[in-house]
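Chains as they are written, first to last, in our numbering: chain A, 1 to 449; chain B, 10001 to 11046.
There may be inaccurate statements among the hints.
[What the hints assert, rightly or not] Computed list of lysine-lysine pairs in BS3-like fashion (alpha-carbon distance at most 30 Å, straight line):
hint, chain 1, residue 1, chain 2, residue 2
1, B, K10030, A, K417
2, B, K10278, B, K10580
3, A, K396, B, K10251
4, B, K10926, B, K10666
5, B, K10251, A, K310
6, B, K10926, A, K361
7, B, K10780, A, K417
8, A, K361, B, K10322
9, A, K396, B, K10187
10, A, K310, B, K10777
11, B, K10688, B, K10941
12, B, K10374, A, K368
13, A, K396, B, K10666
14, B, K10930, A, K328
15, B, K10957, B, K10666
16, A, K361, B, K10030
17, A, K361, B, K10251
18, B, K10688, A, K361
19, B, K10653, B, K10580
20, B, K10688, A, K217
21, B, K10894, A, K361
22, B, K10639, A, K368
23, A, K328, B, K10444
24, B, K10444, B, K10374
25, B, K10780, A, K310
Bear in mind the hints are in silico, worked out from the structure with no lab data behind them.
Keep in mind it's a predicted model, so treat the numbers as computed, not measured.
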Amino acid sequence: MKPSKVDTPCQTASLHSKLSRRDFIRRTLVFGGGMGLPWFVPARARGRDGAVAPSERITVGVIGHGPRGRYDLSVMLPEQDVQFVAVCDVLRARRDQAKVMVDTHYGNRDCSKYRDMFEIYDRPDIDAVLIATGEHWHALASILAMKAGKDVYSEKPCGMTMREVQALDEAVRRYGRVFQAGTQRRSQANFQYAVHLAQSGRLGQLHTMHASVYVPKRTYDWLPAQSEPSPEECDWDRWLGPSPWRPYNKQYVLGRWRGHYDFEGAANFLDWGAHTLDLCQWANQSDHTMPIAYEAHENGIIGRYANGVKLVCDFLPDPFGDRAPQYKTSTGTCPVRFVGDEGWVETGDNGEIVLSASLVKTQQQRFKKPGTSAAGHGRNFFDCVRSRALPVCHQKIMRNSHLACFAAELSWELGRKIEFDPVLERFIGDDEANRRISRATREPWSFNV
Amino acid sequence: MTMQRTYRQIMVGLILLVGISALALGGSSKTQAWIDVLQSEVSLFEKCRACQQLGESGSKEAVPVLASLLTHETLSVYARTGLERIPGPEGRTALRNALTQIQGRHLIGVIHSLATLRDEGAVEPLIGLTHSPDQEIVKAALLSLGRIATEDAMSAVLRALAGPSGCRSEAASACLLAAQSLLRAEKTVQACAIYEAVRKADVPLSFRIGATRGAILSRQADATSFLIDQLRSSEPAIRNVAILTIRQNPKEAFASALNAEIDQAAPELQAQMLEAFKDCHNPQSLARVRARVNTPNPSLRLTALMVLREIGGPDAAPVLIKVLQENRDATEVSLVVGTLEQMQGPDIDALILKALSLDSGSKVRVELIRLLGKRSVKNATGQLFRQAADPDTQVCVAACQALGRLAGLGELPRLIQLTGACQETRVRDAAALAVYEVCQRKPKDQAATWVFQALKNATATSEKLAWIRVLVLLGHSDSLPTIVAMLQDPDETLVQRTLFYVGQWPDPSPIQDLFSVVESHSNATLRTRALVAVLQLGTRAAEQEQRASETLMRWFQRASKAAQSTREKRLLISGLSRIKQGDSIRLLASYLDASDVKMEAIYAIVNAAGPVTQGPEYGVVEAALEKIGDVQDTGLRSKIAALKQTIKATKAKMNKANDIDQMIQKNRMGVLMIQAKPGATVRVEQIKHEFWFGAALSSSAFNGRYSAEDTQRYRETFLANFNAAVTENALKWHAMESRKGRVDYSVVDAMLDWTETHEIPLRGHNIFWGIPGRVQKWLKALDDTALREALRVRATTIARRYKGRFAEYDLNNEMIHGNYYADRLGPDITRQMVNWIKQVDPKAQLYLNDYDILTTNRLDEYMTHIHGFLQTQVAIDGVGVQGHLHGDSFDPVKLHQALDTLAQAGLPLCITEFNFPGQRSRVYQKRDIKLTPEAQQAKAKALVEYYRICFAHASVKGILMWGFWERANWIPQSSLFLRDWTETPAAKAYRDLIFNQWWTQCDGQADEEGHYRVSAFFGTHRVIVDGHEKTVDLRKSAGQATVSFK
């Protein structure tokens, strides 16, 4: 179908908006303010003009203050009904920095800083924690926090192995806590809209979904050993945590742990996959399950759901540059595309919605804000801490999308097709794959808590 | 030492070599190889790797060596991974044995590994370890027992739970682990017992929270009363977990518990419970929510309203309406209105209507009236008319606005009457606008006629003006003379306001009447007002291209004579800025001398100059910019600089355009050498072009849809004007096989027979068209295998049936805009399509074909697309580019650029589907618009320019129009021939190009050596020498041809 004329000016002298009631409802409820109305009565509605009494604030501790932790803290600090009271990092420089950030925001010096996360866990006055450590700590730190009675917002990926994310999900329920995975794109309007198009049938019968991911890479190598600093400067033993020991090198703690087998569970696949594959799960309305078959190819990994829908994880050689031909570079990072038999939609972190020609006229939307902010996602978490409702990326959603990611990556690792039973959560007739579901943890750490 | 080190390195190397070699052998050989590494003196890193490998793929032979590493400072964790993963009992046996052999944290690791394996055989030794003097061992053992969760294991754990405080927390944790497994296995009684034990134990709150949740879920008969007890707990955390459990595991019993408890709960908890109703409620819950809509606590009220919005359903409507009637604060009202607006059903409408009829408060009635409008309650009009007569202005205005949405044409007379009777201005305006809205509904003309009659009947100025306003908004042309006549009315107020409204007429029809006022009215104020109206109309006409530029310029030039004040000049300049022509720039430049509007003139010139700088009038802009000189504003300065750059480029391109004739000569002409007797008379007449000047063939001319007369005329006109053809729709798969298995070849066969008879090369458009909306439903219903097979059958059938007959095919139309087949079957499907066809018809010429390329909008993408095939050796033979996507004009610079870029692919280029005006023109999809004579001339001019550029380019092999007859053209206005076969100026211009300017016909004499040499267009020529005739083909590939008459 050829495109219709572009740049058509609005020529009608209309006295009323032509927005249909259905459109208005759709836009207000689904896309207005991220997820529609807040879960709780906003403070201003109580007549306090935004100020919330200290006694009514949610108190939060931060564990991990690397680049991502810094970002998360920056978008969560402005929440007026939340008070950050403690920060923790195994690196002295980072915990000092974190404290300065918090104190500057509040205009006091009340924020505590710790090297040991258990000092946060042991504080009965702390309601919730933000976990932004390295990936190898996400699951266990979250479980320990919940064991100590804290609600948890954990950055993704939420675990290093299938067993870890299963244990995490079970712990949330076991301890009766509220958990939010940091897959914040579910709280972004452009991604919500794309999913809405897929779910509502506007694309026709959904048959294929594309999730952009890095080209998997993994190394087992150790960086050259360096002289280990004092624990006060960098608690290397605690940084390693449940991961096997290896000699200290500064680069690990400054962020170059990515790609290392002992610190990143799925060969870099989950870095984007935790977002993009998760969005595909959502679009296919399969949050309760995952694909049943996976097969890696040179350019990606193809999964297939029991309902026949195909999931294509495209390897992007240049994820931050030219993403063509798989995706339109203008849509930004973490692009996803949902394809039905009557059209398709693509979107990414730039907020742009790209549609097939047949849908442009009726379904085009423009979203001004880019799709990476975690502010709305954090807000949703805090609302649920109060209301005890399930957040948008709760433990069950996290579990299934992460399991799918691990299974997909495993097909690449093994270089062959694998089949997965979503109910038993085991690979079918495949001992070699099933052996890789879990790894032992370094003593004394354990997931039996 | 050096010798030893060397020896060690050699051994390590050998061992590694053995290991690497063994990898190729697989299985137990691999295991042995890694065992050998572990038992050698290699680096710690290499041993770690060996351990990892054994964990991933080692067999039971590795168990002993791994077991021996369970106390290794670094390797123990890898060893345990291996022992956990290696299939068979050997691993767990080794771990179990280690329980009595190792100490300290390594023992802790082993204990946890046994928990991971849920090894029941380890229960007894683990129970023993719960008596260890090392508290950490005890804790680990308890947790492990909790994970394994046999009866004996739990007995030990429960004893520890009741025991000394040191390990009670781990015991509690172990209990929760066990109980969760039991609950999952639906052993609710056992699970419940454990949860109770933890709840009652002296353990930290976090465990009791988990136990409370578990207890709630595992209770059977007394679930509700238990839950209520938790909701009554003095501990907020217990209440919170009760709420969380309810929300995450909704069931009827929980809803009942909430219902029972909410009335006694403290306000904070009530708010949580109200929220919880969103996830877990029953009909009785709604009564509780509704009751709280009226609570004195504002926070609770708001929460209740929000919950009602989500779960209330239509039954909540009476409550919500009552809230509206109680004059609550703005937030609550807004929430209620929004909720009522969403509710479906006529019962809600009836409730709102009833409330409106009973209520006396004006604020409330306004809200109710607005709701009726938003809900489109059509049977509310009677009530609304009554409200529109209310003494309160706000109520009247709201009622009129709602009537605008709801009133039908049958109620228009009453609405007109209401408008006429209004005394209050705001109400009258609202009523008039309501009339306008109603008039928008079909049939529009009837409604407007009534308004017109109302205008004629009106006596009061205010009423007349109300009607004029409506008629202007409607653009009711019949009333225009009457409206314009009012410009002569003695009532100055009427004339002033009429002028104001006439200035908003949707098209410039009244402009001449306005000019009359401008140029001859005695009242200076009215002259000024009329001039403003003229300028408004002119500006709108320019913006929306309602008239040809020449007409617009005449108006603005005429207006410029009257524009005296700064405001008038500014309006004039603003209007001129929208006319992007040389004359406009000239007139604007004249205002550069007026100090009061100089800056406006500069901005307007810069705004309008863009397109002018790219055409032949660039000199006008150049002169204007010189007059402007230097400017201070940096933004303006950079725009002026950009314009100067464009002028420079245009000069260069114009020079190049003058080269077009030279390029045509170079690329389209060769040398025809005739050998005859010296002095022989020679005549050369071209018969046919080699270059394709073609057109699409309509299926209707080959399937009997046209009359015999039209069919004959169609075919004759085609033969008279074109030398190449393309199937417009006949070959498209959805046209040939709309239903699976039923293929209609008749039209294609008929076209091929006809074109072959007349030696016209025929393009086959298209074998596939992967735009999703063009793919038949029956194809989409196939699974991948069947779809692939269907594609193969289609490709091979066409290739076989029409082997050697189609000159070329469009393989898969418009791939960069959509490719359903690739989406389904992967990107390699195009290669497969090509292979299927070429296997049957190796000489088939397969083209790509796409659009928006010659505008350069998708040029880069298309080039990437083409190169992708070339680089992967997909045998594409040519590149097709459609010529639809320009508008009422095209950009020659971009056309040049596109052709030059496409030529880099090294494949023949074909302009496959040309229309002018194009798909972005204002006539597209408006079949009732006829081109004015000026537009026809512009079309002819554009066609000539377009064809010249394409014909001059060496890589282009042909241009085909997508229709030439008005009756058979998807953009009828782009046709060469009107419906009655009248030639348009474009047809004349086209024939002049093809058969005159680019046509060889000459006479002469052979020279003394008997040679006659002529520069001729490539194609077929008839050569006549002294009455003898021969036909010769002059081909571009050869460049020259010789024919001898000796």
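Q. Taking only the CA atoms, is the gap from B/K10278 to B/K10580 under or equal to 30 Å?
A. 60 Å, violated
**Q.** Satisfaction of hint between A/K368 and B/K10374, Cα-Cα up to 30 Å
**A.** 28 Å, holds
Q. Is the Cα-Cα distance between B/K10780 and A/K417 30 Å or less?
A. Within the cut-off at roughly 26 Å; holds.
Q | Straight-line alpha-carbon gap B/K10688 to A/K217, limit 30 Å | A | 63 Å, violated
Q: Measure nothing beyond the straight line between the CA atoms of B/K10251 and A/K310; if it is 30 Å or shorter, mark the hint as holding.
A: Violated, at about 35 Å.
Q) Are the Cα atoms of A/K310 and B/K10777 separated by 30 Å or less? A) With a Cα-Cα distance of about 19 Å, the restraint between A/K310 and B/K10777 holds, given a limit of 30 Å.
Q. Is it true that the CA of A/K396 sits at most 30 Å from the CA of B/K10251?
A. 19 Å, holds
Q. Taking 30 Å as the top limit, are the C-alpha atoms of B/K10957 and B/K10666 close enough?
A. Within the cut-off at roughly 14 Å; holds.
Q. Is it true that the CA of B/K10780 sits at most 30 Å from the CA of A/K310?
A. The hint holds at about 15 Å.
Q: For the pair we were handed, B/K10639 and A/K368, check the Cα-Cα distance against 30 Å.
A: 27 Å, holds
Q. Between B/K10444 and B/K10374, does the CA-CA distance stay at or below 30 Å?
A. 23 Å, holds
Q.
Can you confirm whether the C-alpha distance between A/K361 and B/K10030 stays at or below 30 Å?
A. 61 Å, violated
The structure shown violates the earlier hints numbered 2, 4, 5, 8, 13, 14, 16, 17, 18, 20 and 23.
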